[in-house]
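Protein sequences, first through last, are from chains D and A. With the numbering used here, the residue at position 77 of the first sequence is 384, and numbering never jumps. With the numbering used here, the residue at position 254 of the second sequence is 1102, and numbering never jumps.
Think of the hints as simulated: they come from the structure by calculation, not from any bench. Backbone N, C-alpha and C fix where the C-beta goes; we use that ideal spot for every residue, glycine too. Don't take every hint at face value.
[As the list claims (entries may be wrong)] Listed next, with one range per pair, are the computed distances between beta-carbon atoms:
{"hint": "1", "chain 1": "A", "residue 1": "H861", "chain 2": "D", "residue 2": "L312", "range": "34 to 40 Å"}
{"hint": "2", "chain 1": "D", "residue 1": "R405", "chain 2": "A", "residue 2": "K914", "range": "14 to 20 Å"}
{"hint": "3", "chain 1": "A", "residue 1": "P886", "chain 2": "D", "residue 2": "Q404", "range": "30 to 36 Å"}
{"hint": "4", "chain 1": "D", "residue 1": "Q410", "chain 2": "A", "residue 2": "D872", "range": "33 to 39 Å"}
{"hint": "5", "chain 1": "A", "residue 1": "Q1025", "chain 2": "D", "residue 2": "L312", "range": "33 to 39 Å"}
{"hint": "6", "chain 1": "D", "residue 1": "T406", "chain 2": "A", "residue 2": "N994", "range": "25 to 31 Å"}
{"hint": "7", "chain 1": "A", "residue 1": "N903", "chain 2": "D", "residue 2": "Q410", "range": "19 to 25 Å"}
{"hint": "8", "chain 1": "A", "residue 1": "T1059", "chain 2": "D", "residue 2": "R405", "range": "33 to 39 Å"}
{"hint": "9", "chain 1": "D", "residue 1": "L312", "chain 2": "A", "residue 2": "G1058", "range": "45 to 51 Å"}
[To be verified] Below, computed lysine-lysine pairings styled on DSS-like, alpha-carbon distance capped at 25 Å:
{"hint": "10", "chain 1": "A", "residue 1": "K877", "chain 2": "A", "residue 2": "K914"}
{"hint": "11", "chain 1": "A", "residue 1": "K944", "chain 2": "D", "residue 2": "K326"}
{"hint": "12", "chain 1": "D", "residue 1": "K326", "chain 2": "A", "residue 2": "K970"}
{"hint": "13", "chain 1": "A", "residue 1": "K970", "chain 2": "A", "residue 2": "K944"}
{"hint": "14", "chain 1": "D", "residue 1": "K326", "chain 2": "A", "residue 2": "K971"}
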Amino acid sequence: MLRLLRIELLKLIPYRTFKILFLIYLLLMVLWLVGGKGIANTLGLTPEQVLGYPNIWNYYTLYACYFNIILTILIIFITGNEYTYRTLRQNIIDGLQRTETVQAKVLLIITLSIISTIVLTISGVIGGLIYSADADKGRMLEHGGFIFGYFIQSLGMMSMGLFFGTLFKRTGLAVISPPSLSSPRPPPWCLACLRPVRVSPCC
Amino acid sequence: MEPVLVTVQLKKHYGPIQAVNGLDLAVQKGSVYGILGPNGSGKTTTLGMLLGITNPTSGSFSWFGKGQIDDNRKRIGSLLEQPNFYPYLTGEQNLKVVALIKGVDEKEIDGVLSAVNLLDRKKSQARTYSLGMRQRLALASALLGNPDVLLLDEPTNGLDPQGIAEVRDFIRNQSAQGRTIILASHILDEVEKVCTHVSVIKKGNLLAQGTVNDLLKGEDQVEIAGDNLAALAEQLVNYPGIKRTELLSGNILLHVEEGFNPAALNKYFSDKQIHLSHLVARKKRLEEQFLELTAE
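One chain only, chain A, in its complex shape:
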C-alpha cells in the first residue's frame, strides 16, 4: 500500500496560538481516512495547509510522493468548510470555471452533476440553490477531473438528516470506486460510520492514529460492588482479562478485554465466599471514548 499523503511535523502558529502542532499523518491509498477532533482542534487549518491556502510555519507534507507542487491539487477534489461559488453564475457555469482551472474537459460536467442529482437545476443561478444543493454542487465540483483523492471538511455541516444520509452514501460510493477519501469531522458517529482509518487531534496535537476498529470500537466494561470495595479490588489484581480497574465511589469499574465472561467473575468471587451486591456488564459508549481521548 502506497501512501497518498504523508505529513511530517506539520506546524502552524498564529502568533502565540498553536493551531497545528507537529502533525505526522499517513494516509494510505484507498482508505477512508477520518480526522476527528472537537471544534477548534486545527482540522481545517491542517486541510488548508494541505491545499495550499495556508502556509505552514514549519514541517512538510507530500501528496502522491511528489511533494508540494501546485499540480497535485488538480488530482484532489476538495470541499473546505463551506461551498464557495459565484452566486451570479449558474451551477453549470460555476463548474465550467472549475473545469478550466483543473484542465478538465467540459463534457464531464453533466456527468458529475447527475452524480449529485443536480442535472435538472444546472441552468439556475447558484444563489437560488438551497444549502443542501450548494453542498451537492460543491461535491460535484470536487468530482470534476476524476480525482484520486477527495478531501472533505465537515461535509454534512448544516444539512438536514436526509442531506446527511445523501452525503454519507456519496462518500461510500466514491470509496467503493477506489478513491481515497480524507474526511475531517467533529462528529464521532459520522467518522465511525464511514471511515476505515482515523486520527484524533486536539489543540493541534495528534492524540491517536489507527484503524477505526482499533481506536473507536466500544470497549467492554463491568461494574461490580460489594460490602468491601477495597477487598474486592485486591482479589481482582490477578484476574485474567482485566485491563484496568477503577475504584469509584460505591462501585468498581473494570475495563475488560473482549469476550470477558461476567458469570465466571461472579463464580470466582462466590468461590472465595465474597458475594457481590451489584454486577453489570456493559459496552462503553463511543462518546465516552471520544471524550476520554480528547480529555485534558
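So that you can see chain D by itself, here it is in the shape it has in the complex:
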C-alpha cells in the first residue's frame, strides 16, 4: 500500500501543474478567511456570525467545497496524463498489476483529501480564533462534523475526477465534464436561503 502511494507521490511532487494548482488551492483557502468580512456582509450577517465558532465550520466547508474543484482538476490532469504519455501501459509492462494502478490513484485521492481536510481544519481554527466573539471562543468543536463532511466531499469529488479522467482518457474532455461543471453544493445564488445559521450538514 505504502509502496503504491510512494509511486504516486514520486510522479506528483515534481509535476509543476500540481505545485501551481495546489498553491492556488491554498491561496483560495486563505483568501476566504481574509475576505470573510465581505462575505458576511453579502449574507447580511456579522463576521462573528460567519467566521466565529462554531458557525465557521458550516460556512467555511460550504465555500471550501468549491475550491475542491481545483484538486479535482488536478486529479483529472494526472489521470489523463497517464493515458497521453502512455505511462499507464508502461507501468503495467514494468510489473504493476492492473488493479494496483487503480488502487494507487485511490490512495492518492485519499491522501489529498486528508491533506485538504487538515488545511481546512488548521486555517479554520486560526480563523475562528481571530473572528470569534470572546464568549464563543470555547465553542471550537461544535459543528465539527462539518469537517468530516468536507473530507467525504473531497473524496467524492476527486473520485469523480478519476472516473471521468479514466472514462475520457483525455484531459481536455474530462475537465469540461460533469465533476468540474456540477456544483458540489447549492450554487452561490441560493446561499441566501441558508441564512438561518443552523443548517443541516449537507456535505
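On the provided structure of chain D, position chain A as indicated by the hints.
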C-alpha cells in the same frame, strides 16, 4: 536447455481481423531470439499479450515455466514500441518510479544509467532528451532489476546509424552476460546480425522457426542457359546437389546445396555434347529469402 518462454496457440482477434493467429513459440534460455515479420504482421500484438497489456483471445503462454502471473514481468525488462516516460520528470526520477514498481533498490539506477551513457544527463527532464537518449533511457529502465529476459520491440526504430550501432552493441553485450533477449523487428539485417534464433511471422501466422543459420543463410544459386532450355532441364533431373530447378524465361535457375561446383556442372554438360551459353554462380540475397518466406 530450459525454455524461458513458451506460447501455445496464442490468438488475438480484433473483430474479424486476426492479428495473431495461433502462434507456437519456444524461446530457449540464453538465446537471442528474433521475431521477424513485415509491418502489421502481429509482432507488437504478440509482445503486448506476453507483457499483459493485451488480452489474448485464446491460447496461452508461460514465462519461466510459471504461467501468466503478474510477478513474471518483474523479471522481464522490456521496450515496447516507443519509450514511455513522464516528460516532466528527470531521467533519474523516471527510473525511480520504475524501480519502485519493480521493487528494485534505487541504488541500481546510477549503474544502469552509466550502462547506457546517460549518467551526466540524469538530472534533466525527460522531455529535453533526444530520441536516441529516450531510447537509451528506456533501455536503462529495462535493465533495472537485473532481468533474466530483455524484450525489445523494434529497438532501433527511428535512430540514426550511430544510435543503431549503439543499440546493437548493447544487445550483444547483454547477451554475452547471459541474458535471454527477444527482439522483434522487421529489419532482416538486424535480426541476422544479432540473433541466434528466429521466427518469421506474417499476418499473425508462424511461417518458420529455427536458428538464424538454418533459416536465413544465403542459399547458393546457379543460373544456366543454352540453346534448348527444356533439354537442359531434362539432363539435370538426376544431377546431385540440386534442390530445386526453376525454368525461367531465357535461363534456368538452380537452387543448389552448399559446396556445389559449377565447373563440374559445366563439364557434365560438355561431356554430353551440350554447351552452355550462360553459367553464373551466385548467393541468394537475404532480402529475396525474406520476401520468399513472407510471400503470399
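Verification of the hints:
Separation of H861(A) from L312(D) is about 39 Å and conforms to the stated range, judged on CB atoms against 34 to 40 Å. A hinted range of 14 to 20 Å for the beta carbons of R405(D) and K914(A) is consistent with their spacing of about 19 Å. At about 34 Å, the beta-carbon gap between P886(A) and Q404(D) stays in the expected band of 30 to 36 Å. Checking the proposed 33 to 39 Å range against Q410(D) and D872(A) shows it holds: the Cβ atoms sit about 36 Å from each other.
The hinted window of 33 to 39 Å between Q1025(A) and L312(D) holds, with their beta carbons roughly 35 Å apart. At roughly 26 Å, the beta carbons of T406(D) and N994(A) sit within the given window of 25 to 31 Å. At about 20 Å, the CB distance of N903(A) to Q410(D) agrees with the hint of 19 to 25 Å. Against the hinted window of 33 to 39 Å, the Cβ-Cβ separation of T1059(A) and R405(D) comes to about 37 Å, which satisfies the hint.
Between L312(D) and G1058(A) the beta carbon distance is about 48 Å. The supplied range of 45 to 51 Å therefore holds. The hinted pair formed by K877(A) and K914(A) meets the criterion: a straight-line CA distance of about 14 Å does not exceed 25 Å. The straight-line distance between the Cα atoms of K944(A) and K326(D) is roughly 20 Å, inside the 25 Å bound, and the hint therefore holds. Only pairs whose Cα atoms come within 25 Å are accepted, and K326(D) paired with K970(A) is accepted, the gap being roughly 22 Å.
A hinted pair counts as satisfied when its Cα atoms are at most 25 Å apart, and K970(A) with K944(A) qualifies at roughly 11 Å. Restraint check for K326(D) and K971(A): satisfied, since their Cα atoms lie roughly 19 Å apart, inside the 25 Å limit.
In summary, this structure violates none of the numbered hints.
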